[in-house]
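Colleague: Sequence:
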Amino acid sequence: MLRDYFLNKIETAIEEAVKAGKLGQMSEYHRGTLPVEKPKNPDFGDLAINVSSLARSARIAPPAIANAIVEFVDKEDNEYSVIGGFINFKAGMSLLAAVLTEISQKKSEYGKPENVETEKIILEYISANPTGPFHIGHGRWAAMGSSLANLLKFYGHEVYQEFYINDAGSQIQKLGRSLVIRVKQELGEDIDFPQDEIERKNYYPGDYLIPVAKAFLQSHPTVQDVDNIDLQVYCDFAKEYEERVQRELLDNFKVKFDKFYSELTLHNSGKVDECVNKLKASGKIYEQDGAVWFKSSDFGDDQDRVIKKADGSNTYLTADIAYHVDKLERGFDRMINIWGADHHGYVARVKASLEALGYDPDKLEILLGQLVNLVINGNEVRMGKRKNMVTLDDLIEEVGVDATRFWMSMRNIDTTLDFDIELAKTKSDENPVFYVQYAHARACSIIRNATQERLDTQTGKAIAPVMTPDEFEKLVARIDTHIAGLAVTYARKLVLKLEEFKPLIVTSAQNRQVYTICRYVQELAAEFHSFYNSTRVITDDIEVTKSRLALVWAFKTVLANSLSLLGVTAPERM
RNA sequence: GCGCUCGUAGCUCAGUUGGAUAGAGCGUUUGGCUACGAACCAAAAGGUCGGGAGUUCGAAUCUCUUCGAGCGUACCA
1 MLRDYFLNKI ETAIEEAVKA GKLGQMSEYH RGTLPVEKPK NPDFGDLAIN VSSLARSARI
61 APPAIANAIV EFVDKEDNEY SVIGGFINFK AGMSLLAAVL TEISQKKSEY GKPENVETEK
121 IILEYISANP TGPFHIGHGR WAAMGSSLAN LLKFYGHEVY QEFYINDAGS QIQKLGRSLV
181 IRVKQELGED IDFPQDEIER KNYYPGDYLI PVAKAFLQSH PTVQDVDNID LQVYCDFAKE
241 YEERVQRELL DNFKVKFDKF YSELTLHNSG KVDECVNKLK ASGKIYEQDG AVWFKSSDFG
301 DDQDRVIKKA DGSNTYLTAD IAYHVDKLER GFDRMINIWG ADHHGYVARV KASLEALGYD
361 PDKLEILLGQ LVNLVINGNE VRMGKRKNMV TLDDLIEEVG VDATRFWMSM RNIDTTLDFD
421 IELAKTKSDE NPVFYVQYAH ARACSIIRNA TQERLDTQTG KAIAPVMTPD EFEKLVARID
481 THIAGLAVTY ARKLVLKLEE FKPLIVTSAQ NRQVYTICRY VQELAAEFHS FYNSTRVITD
541 DIEVTKSRLA LVWAFKTVLA NSLSLLGVTA PERM
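For the first sequence, my numbering gives the first residue as 1, with consecutive numbering after it.
Hints in this document: simulated from the structure, not taken from any laboratory. Hints should not be assumed to be uniformly reliable.
Claimed, not checked - Below, a list of computed lysine-lysine pairs in the DSS-like style, where the Cα atoms sit at most 27 Å apart:
| id | residue 1 | residue 2 |
| --- | --- | --- |
| 1 | K120 | K75 |
| 2 | K107 | K256 |
| 3 | K107 | K19 |
| 4 | K90 | K427 |
| 5 | K153 | K474 |
| 6 | K40 | K474 |
| 7 | K106 | K40 |
| 8 | K112 | K474 |
The whole structure should be built from the sequences, with the hints applied where relevant.
Modeller: Take a look at the structure:
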């Protein structure tokens with residue numbers, strides 16, 4: 001990496017300067033204490049190191065330190081300059097050529113870190129009830145989760161993606177009861193959901209169960225007396241139907257889970273009871289008011305939690321504890337969960353339970369995501385109001401998979417996301433997705449123009465290609481020998497931006513952030529557009545043309561690579 | 001009341017471990033297509049970083065306090 005190269009040069013120089021006694025009273029230097037940064041003013045250079053922190057031990061002024069260090073640097077064809085306590089660095093052509101060479105050799109693997117510690121990670125996200133269609137909030141976890149999985153895999157981790165199906169508990173009964181009403185309606189009975197607000201909460205009155213009722217009658221054509229069939233039959237039918245609908249949507253949204261883990265199977269396998277017993281054995285359990293409580297407050301939780309209700313059934317938490325224990329027993333080094341911020345109260349109690357059972361709670365990493373506000377015509381439509389609930393399906397149909405995925409991922413997970421439907425739909429500069437995709441299409445177009453015959457827009461005559469596709473392949477393979485046209489400012493800047501992809505992957509993966517990739521592709525596209533507008537690619541000078549075509553190819557490759565991490569397509573034409 | 005996440009340009013947001021003149025996109029204003037895609041580019045205007053106090057050579061960043069927003073505070077899931 002460019003940063004490492006520069007830092008190493010400076011640190012080596014410092015050590016030599018210390019040895020030569022040129023750094024005042026400084027007697028030794030510990031590597032890794034100086035940060036590399038990007039200069040605020042790009043005229044200063046590509047990278048910079050502030051050596052002011054050495055002033056304390058050297059006892060000389062920062063500019064003198066910087067100058068002394070630069071004396072000892074092996075500069076090769078790079079430029080070093082000193083301003084105040086800063087040592088600025090400007091990369092020479094050989095380093096820039098090395099960046100392009102690396103891209104041409106590694107292609108879609110470019111940016112994959114080497115020599116990093118990797119883990120076996122289970123990433124859990126969405127984990128919705130199978131009681132209805134996803135709403136837009138689920139879309140955020142879907143987009144961020146699957147992009148994060150792509151990123152962590154690219155980093156080198158082994159990533160297992162899991163969806164926990166909340167298919168146990170009272171909401172399934174509620175679903176079954178609601179289906180019964182819809183089936184009766186289909187059969188012509190004059191019946192509706194209760195109007196009383198409190199009673200109505202025992203049902204899912206949404207229209208989405210109407211097609212389910214139709215499907216039910218198709219598969220049970222001889223139904224005479226609806227109430228004569230066991231409620232469980234309706235529950236199972238509706239649950240399976242909704243699960244199928246959810247999975248189809250995820251597939252369409254390019255979200256791929258390795259496993260859908262059913263909470264019900266967890267109960268049936270006895271793992272939940274086993275977990276309760278283990279907790280009892282840990283001694284952190286007591287009974288009160290007929291219920292069994294877990295002393296989670298001993299582990300940092302605000303208060304104790306019920307593990308087994310007075311009626312003998314387990315709480316949701318109990319199953320969740322068993323689920324996380326099961327994850328650990330499956331041999332994962334790390335569990336990462338994406339949860340909505342409305343579940344934040346759960347973090348302490350799940351961690352507490354893991355600790356009580358003798359597991360390391362730090363293996364559980366919970367990414368709390370703030371919710372999504374839909375903006376329609378400038379007005380916020382708050383989530384949670386079931387009346388105005390917009391389903392994820394509707395949203396994707398309206399704005400497309402690419403724009404939905406991009407918009408859902410483009411903000412830091414801990415800020416509330418405003419999803420502006422009108423903006424996401426526009427195909428103009430107001431919409432970053434199209435801006436970025438346009439840059440890719442433009443790059444592809446340039447390469448087409450160079451390698452295929454095209455027509456002059458004025459004369460209508462055919463223009464012969466600069467090279468054949470074969471020659472282009474060869475050019476890309478020996479990209480290092482073509483640097484004639486890269487010395488201009490915007491070409492340099494574009495190469496440097498391509499190089500930033502490498503440190504970006506490392507920090508983004510380590511911080512579990514995907515919005516940084518969204519920002520990067522926008523910056524990269526902007527750099528390309530500037531390059532395009534300032535610098536001609538196909539010129540009369542064949543060597544200049546070759547080097548710039550190679551740069552365009554490298555840009556297109558890295559951009560497509562970045563977009564694929566986000567699950568967004570990189571179109572050749574638009 | 002308590003807990004969590006926040007508060008940065010008109011709007012939506014970045015800001016790495018505390019370091020150079022606090023950045024980007026949109027919006028606004030101005031300019032740029034007789035050669036590779038103008039779905040683009042170049043430039044300008046726009047800020048008491050919610051307020052106050054403290055720590056530091058240095059604070060958007062750390063501490064305290066205060067105001068404001070969202071979410072949570074179940075023997076629901």
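Colleague: Against each hint, give a clear statement of whether it holds in the structure.
Modeller: Status of the hints after comparison with the structure:
1. K120 x K75: 42 Å, violated
2. K107 x K256: 24 Å, holds
3. K107 x K19: 42 Å, violated
4. K90 x K427: Roughly 38 Å separates the two Cα atoms, so the pair is violated.
5. K153 x K474: 31 Å, violated
6. K40 x K474: Violated, because 39 Å separates the two Cα atoms, which is more than 27 Å.
7. K106 x K40: 31 Å, violated
8. K112 x K474: 24 Å, holds
In the structure shown, a violation is registered for the earlier hints numbered 1, 3, 4, 5, 6, 7, in ascending order.
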